[in-house]
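Student: Each chain sits in its own coordinate frame; assemble them with the hints.
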Amino acid sequence: MLPFVLAARVLEPVLALWQRRTGHAGMIAVFLIPNMTIFGIFVIVPLVLNLLYSFTGGAEILLEQRPWVGMQQYERLLDCQNHLQPMTCREDQFWRAVHNTARFVLSQVALMVTVSMITALILNRRIAGRGLWRAVFFFPVLLSPVVVGLIWRWILQREGLLNLIVVRLGGDPVIWLNDRFWAFAAAVGVSTWAHMGFYTLILLAGLQAIPRDLYEAAEMDATPPSRVFWRITLPLLGPNLAVVLVLALIRAVQIFDEAYVLTGGGPGTATMFMTQYIYEVGFASFLRNPGLAAAASILMGGLLVVLTLIQLALSRRAERMRQR
Amino acid sequence: MTGLKTFITRRRGHGGRWHWTDVASWIWLIGGTILMLGPALWLLSSSFKDPAQLAEFPPTLLPYVQRVAEVEGFDTPLPLYTVTLPGGETRILAQIRRLGANAQMVDPADPALRISVPISQRAPLREIGLATANYTDPFLHFDFFTYLRNSVFVTVTATLLTLLTNSMAAFALSKYRFRGRDAVMLVIVGTLMVPLSVILVPLYSVVSRVGLLDSLWGVILPTIATPTGVFLLRQYMLTIPDELIEAARMDHASEWQIYWRIVLPLSAPALAVLAIFSVVWRWNDFLWPLIVLTRRELYTLQVGLNSYAGELNVQWHYILAMTVVTMIPVVLVFILLQRFITTGIAGAGLK
Numbered sequence: 001m002l003p004f005v006l007a008a009r010v011l012e013p014v015l016a017l018w019q020r021r022t023g024h025a026g027m028i029a030v031f032l033i034p035n036m037t038i039f040g041i042f043v044i045v046p047l048v049l050n051l052l053y054s055f056t057g058g059a060e061i062l063l064e065q066r067p068w069v070g071m072q073q074y075e076r077l078l079d080c081q082n083h084l085q086p087m088t089c090r091e092d093q094f095w096r097a098v099h100n101t102a103r104f105v106l107s108q109v110a111l112m113v114t115v116s117m118i119t120a121l122i123l124n125r126r127i128a129g130r131g132l133w134r135a136v137f138f139f140p141v142l143l144s145p146v147v148v149g150l151i152w153r154w155i156l157q158r159e160g161l162l163n164l165i166v167v168r169l170g171g172d173p174v175i176w177l178n179d180r181f182w183a184f185a186a187a188v189g190v191s192t193w194a195h196m197g198f199y200t201l202i203l204l205a206g207l208q209a210i211p212r213d214l215y216e217a218a219e220m221d222a223t224p225p226s227r228v229f230w231r232i233t234l235p236l237l238g239p240n241l242a243v244v245l246v247l248a249l250i251r252a253v254q255i256f257d258e259a260y261v262l263t264g265g266g267p268g269t270a271t272m273f274m275t276q277y278i279y280e281v282g283f284a285s286f287l288r289n290p291g292l293a294a295a296a297s298i299l300m301g302g303l304l305v306v307l308t309l310i311q312l313a314l315s316r317r318a319e320r321m322r323q324r
Numbered sequence: 001m002t003g004l005k006t007f008i009t010r011r012r013g014h015g016g017r018w019h020w021t022d023v024a025s026w027i028w029l030i031g032g033t034i035l036m037l038g039p040a041l042w043l044l045s046s047s048f049k050d051p052a053q054l055a056e057f058p059p060t061l062l063p064y065v066q067r068v069a070e071v072e073g074f075d076t077p078l079p080l081y082t083v084t085l086p087g088g089e090t091r092i093l094a095q096i097r098r099l100g101a102n103a104q105m106v107d108p109a110d111p112a113l114r115i116s117v118p119i120s121q122r123a124p125l126r127e128i129g130l131a132t133a134n135y136t137d138p139f140l141h142f143d144f145f146t147y148l149r150n151s152v153f154v155t156v157t158a159t160l161l162t163l164l165t166n167s168m169a170a171f172a173l174s175k176y177r178f179r180g181r182d183a184v185m186l187v188i189v190g191t192l193m194v195p196l197s198v199i200l201v202p203l204y205s206v207v208s209r210v211g212l213l214d215s216l217w218g219v220i221l222p223t224i225a226t227p228t229g230v231f232l233l234r235q236y237m238l239t240i241p242d243e244l245i246e247a248a249r250m251d252h253a254s255e256w257q258i259y260w261r262i263v264l265p266l267s268a269p270a271l272a273v274l275a276i277f278s279v280v281w282r283w284n285d286f287l288w289p290l291i292v293l294t295r296r297e298l299y300t301l302q303v304g305l306n307s308y309a310g311e312l313n314v315q316w317h318y319i320l321a322m323t324v325v326t327m328i329p330v331v332l333v334f335i336l337l338q339r340f341i342t343t344g345i346a347g348a349g350l351k
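Going down the list, the sequences are from chains A and B. All residue numbers for the first sequence refer to full-length UniProt numbering, where the first residue is 1 and numbers rise by one. All residue numbers for the second sequence refer to full-length UniProt numbering, where the first residue is 1 and numbers rise by one.
With the rest of the complex left out, here is chain B (with noise of 0.2 Å):
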C-alpha cells in the first residue's frame, strides 16, 4: 500500500510538500479524463436501452429493463408496476392492458383478481439490464450486416494494396539511382498537401470515367497511392544498408526478391505503422464513400450510420448500438497497438 501511495504521490521537488501545480494538475488529469472517456462510456450505456427508456428526461445513468412476470392465463410475459393504491398501501402488479388513463392491472399471485388503477399511481419496476435487440435487430431486418462486410472489404483490400504499392514504390525511391528520382519525390512530398475537398469534384468524374462509381473499388483506388506511406517507408528504407543489398545481389538474388525476401521483411516497424494508420483511416472515411456510393448496398458503415441518423425518424437505440459497433475496432486497435500509433504519430507527424 505505502509503495502504491508514494507511486501517486511522486513528484517534482518542493522538499515533498505539495505545490499548488501538482494539484491543478490532477484536478486537470481527472477532468479531462472525465470528458474524454465520458461521452463513450455514456454511449455504450445508452446503447442498451430500449427506446421508452431513451425518451425519458431526466435520463438513468445505467440502462434498465422492465421486469415482467408470467402470469396464469396470459401467453406472453405481463409488466410489472409498483401500485400505491387508494389506502396508501403499495403492491407489485402487473399491467394486462392500458386503457385511456387507467391500467388494467392483475396480481400475478392471484390472477382472477382484476384491478384497474390510473397511470399516474402506478411506476415501472425495473432492474439493470440490456436490451439486447438493439444489436441483434439491425442485423436481422436492416442492412447492417451488408455494411459492415462492405467496410471490412474496402479495409482490408486498401490497406494491403497500399502496403504493397507503396513498399515498392519506396523501395526504387530508396534503394536505387536514376533520373528523375528526385523529381518524382517532389511530387510526392507536394501532393502530401492536397487534400481530398480541394479535388472532390474532378476525383468524382475520373472514377465516373474509369467506371467506379457505385462500386467498392471506386473508394479504394483513390486512397491507396498515399503520398504519406510512401514518404514514411522510404524514410525507413534508407535506413537500411546498402551493404545487405550488395551482399545479396553477389549471392544471385534477383531484385524483386531483394525487395520481397530483405528489405520488405526488415522494413516490418514501419509497415506495421502504415498497416495500422491505414485500417483507421480506410475504416473512418466519409466524405468519399458518401460522394462514391449511392445505392444503398453497397454503404459502407460510416455512410450506414449516417443516413440512418438523417432520417426524419431518428431510431435511436439502433443507432447507438450500431456506433458502438462501428467503434469497436478502433478501439481495439487503439488498446492492443497504441504504442506503435503514438511512436508514429510522434516520429512521423502521421494521421
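Just chain A, with the same shape it has in the complex (with noise of 0.2 Å):
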C-alpha cells in the first residue's frame, strides 16, 4: 500500500499543473486512460483479432504469418453427413465436446437450480443458526478450481472414501473416474457441489425480498402450504429464478477448470466439453491449429451473446419488479 500512497503524493502537485492547464476535460483523461488501455489492449483488440483468426489456416500464431482461408475452418467443424452422430463429422473431438457439453449444460443445470432451490426455501424458513448453514453451503464456492478438482480426485480414486462406503454397504468398489457414466456425473456432480452455494445465495435474497404481509394474509386465510409455494413464493421469485437458471446455463456452457482437473476430459472423450477443445486445439496439441480454435470460440461465444441478452433481460425485469 505504501508506494501507492507515496506515488498519490508525488502526483498530487504534477496533476494540479496538469488540471490547471488542461481543465476537467484533461482529468476526465487521466482518470479513463489506464483502465480504458488495458481494457482495450486485452479484451477489445482480442475480440476484434478472434474474426481474423478465425479466417486464417496453419499454426502459426502471429497474425501476419497465417494465410488467409476465408471460410474454411467453418466448414471444416461444420461439417458433417449427421449433426447428432460425431463419428460422421470430420471435426469428429468438436462434435463430441459439443455434444458432452449439451448434455452436461441439461443435467447440471437440472441438478443445480433444483438443489440451490431447495437449499433456499429451506434456508428461508425461521431455521436456528440459518447464518451458519449459509455460509456452510457456500463454503465450497470460493475454492479453486483446482481444489475442487483434486479434492473430489482424491474421494473418487480407487482406494478412496467413496469406496470406502460402497465397501462397508457391501459393494464392490469401482474406478469412478475410469468409468465413462460414473466420469460425467461425477463431473456434474462436482461442479454443482462446488457452485450451488452462489446460487442459493440470491434464491435465499429473493425470497427475502417476498413481503412477510402477504405470508401473513396466507396464514389468515388458512390457506393450505403448497397452494402458499405455487401462488405466492413461485411468482414472486419467478425473476430471480430465471436469472439464476440463465447464469447456470451461462457458466456450464463454459465448463473447464474443475472437470479438467478431474478427469483431464476422460477417460476417452467422455468428459471433454467446448472450453478444453478450444484450449487443446488452439494450445496445447500437437496438431495445434489456432484458427480452428477461433472459429470454435466464435460459435461457442455466439451462443453465449445470446443467453447473455436473455439474462441482461431478465434481470432488468427483476429490477423493475423489486422497485415495484
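These are calculated hints, taken from the structure and not from any lab test. Bear in mind that the values here come from a model prediction, so they are computed numbers and not experimental data. All C-beta atoms in this analysis are idealised placements derived from N, C-alpha and C, irrespective of residue type, glycine included. Certain hints may be false.
Chain B is faced by these chain A residues, among others (derived, beta-carbon under 8 Å) [to be verified]:
1) H24
2) I28
3) V43
4) L49
5) Y53
6) L62
7) L63
8) R125
9) A135
10) I155
11) L161
12) V166
13) V167
14) G282
15) F283
Tutor: Now the structure itself:
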C-alpha cells in the first residue's frame, strides 16, 4: 500500500498543474486512460482479432504469418453427415465436445437449480443458526477449481472415501473416473457441489425480498402451504429464478477447470467439453490450429451472447419487479 | 439449556408440534453439511497421512503414524509391531528388516534376542499422529515456495491495480458529464459477457506481441480492467452526493484530490467487496496462467499443483498437503469476511 500512497503524494501537484492547463476534460482523460488502455488492449483488440484468426489457417500464432483461408475453418467445423453422430463429422472431436457440453448443461443446470432452490427454501424458514448453514453451503464456492478437482479426485480414486462407503455397504469398489458414465456424473456432481452456494444466495435474497405480509395474509386465510408456494412464493421469485437459470446456463456452457483437473477430459473423450476443445486445439495439442480454435470459440461466443442478452433482459425485469 | 433447546427447535406456526417439513429440513441441512464440509475435512485428514497409509484400503478416518522405539545397538528408531507368536501369545516387537515373507524382529526390552516372524503374523502398532513431512518436504525439496511466492505476487499486484484503475474509471464515469460517457459504459457492460474462453487465441497473440509471455505481468495485466469492478464501483459512487464534490471545489481542491481524498475513502465498502473478490479470483485463476506460463519457475500455485497431479507417478502425500496450503488463504478470507461476500453476491450478482 505504501508505494501507492507515496506515488499519490508525488502525483498530486503534478496533476494539479495538468488540471490548470487542460481543465476537467484533461482530468477525465487521466482517470479513464489507465483502465481503458488495458481494457482496449486485452479485451477489445482480442475480440476483433478473434474474427480475423478464424479466417486464417496454419499453426503460426502471429497473424501476419497466417494465410487467409476464408470460411474453411467454419466449413471444417460444421461439416457433418449427421450432426447427432460425432463419428460422421470431419472434426469429430469438436462435435463430441458439443454433445458432451449439451448433455452436461442440461443435467447440471437441472440439478443445480433444483438443489439450490430446495436449500434456499429451507434457509428461508425460521430455522436456528441460519447464517451458519448459509455459510456452510457457500464454503465450496470460494475454493479454486484446481482444489475442487483434486479434492474429488482423491475421494473418487480406487482407495478413496467413496469406495470405503461402497464397501461398507456391501458393494464392490469401482474406479469411478475410469468409467464413462461415472466420470461424467462426477463432473456434473462436482461442479454442482462447487457452485450451488452461489445460486442459493441469489435465490435466498429473492425469497427474503418477498413481503412478509403476503404470507401473514395467507396464514390468516388458512391457505395450505403447497398453495402458498405455488401462488405466492414461485410467482414472486420467478424473475430471480430466471436469472439463476440463465446464469447457471452461461457458466455451464463454459465448464472447464474443475472437470479438466478431475478427469482431464477422459476416459477417452467422455468428459471433454467445448472450452477444453478450444484450449487443446489452440494450445495444447501437437497439431495445434489456432484458426480452428478461434472459429470454435466464436461459435461458442455467439451462443453465450444470446444467453447473456436473455439474462440482461430478465434481470432488468427482476429489478423493475423489486422496485414496484 | 432450555434456552438452547427452544432456540434449536423454534420454527413456524403449527401450534408447537413438529411438522414433517421441519424434520425434512433438518435432514437436508445436516446431510448437506456433511457433503459440503466432509470432502475438505477428508482432504485435511488425508494430508497428514504418510505414503504407506495413503495406499491402504480401507482408509482410516484419521491419520496414524507408526510407533517407533529406540533399541540399543541400532542407530535409527525401529518400527513397532504387534506380533502373534506361534503359541497364540501376542507381543510388541520392533522390526529390524524384512526378508521376503518373514520379518526379523527384536524385543526392545531384550535387544540380544532376534525373532523371525512371518509378515502375516504382525500388525503395525500405530497411534494418531501427523506426518508433517508432507508439508515441509515440498517447501524444502520442490519449487513449492516459488509457486507460492508467484501466486502471492500475482494476487496482491493484480488486486491493487484493479482497485486503482477501476476506481479511477468509475469516478470519471459517475461524477463527470462528457460526450461519449454512455458509449464507454455500453462497451463496458457489453464486455461483461465476454468470458476468457472466447478470446483465448487472440489474447495469447496480443500478450505475446507485447512481450509478456512467460512473465507474471502477462498473467496480471489482462485481468485488471475488469468490467465487473468498474460497474460495481460506479454504481456505488453514484450514491455519493455531488454536493460534497461541489463543496470541495469551492475550497479549491483539485480533481485528483477530490477523487483520492473524498470519493475513494467514501467508497470503502464497495472497494472492500471488490478487493475480496479480486483476491479470490486471482488466487484461483487457472486457465490463463496455464497458457501464459510455460517455465516452471513462473508457475502459480494452481498451475504447479495441476502439473504435479498430472505426473505419471502421482505423489498424493505431497499433493494433498499442497492442496491444503493452497486452500488456506481462501478459507481465511471466507471465515473473516463472509459477510462482505454474501452482500456482494446478493447485492451485485458478483462472482
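Student: Hints numbered earlier in the text: which of these fail when held up against the supplied structure?
Tutor: The structure conflicts with hint 12 only, although it agrees with all the remaining ones.
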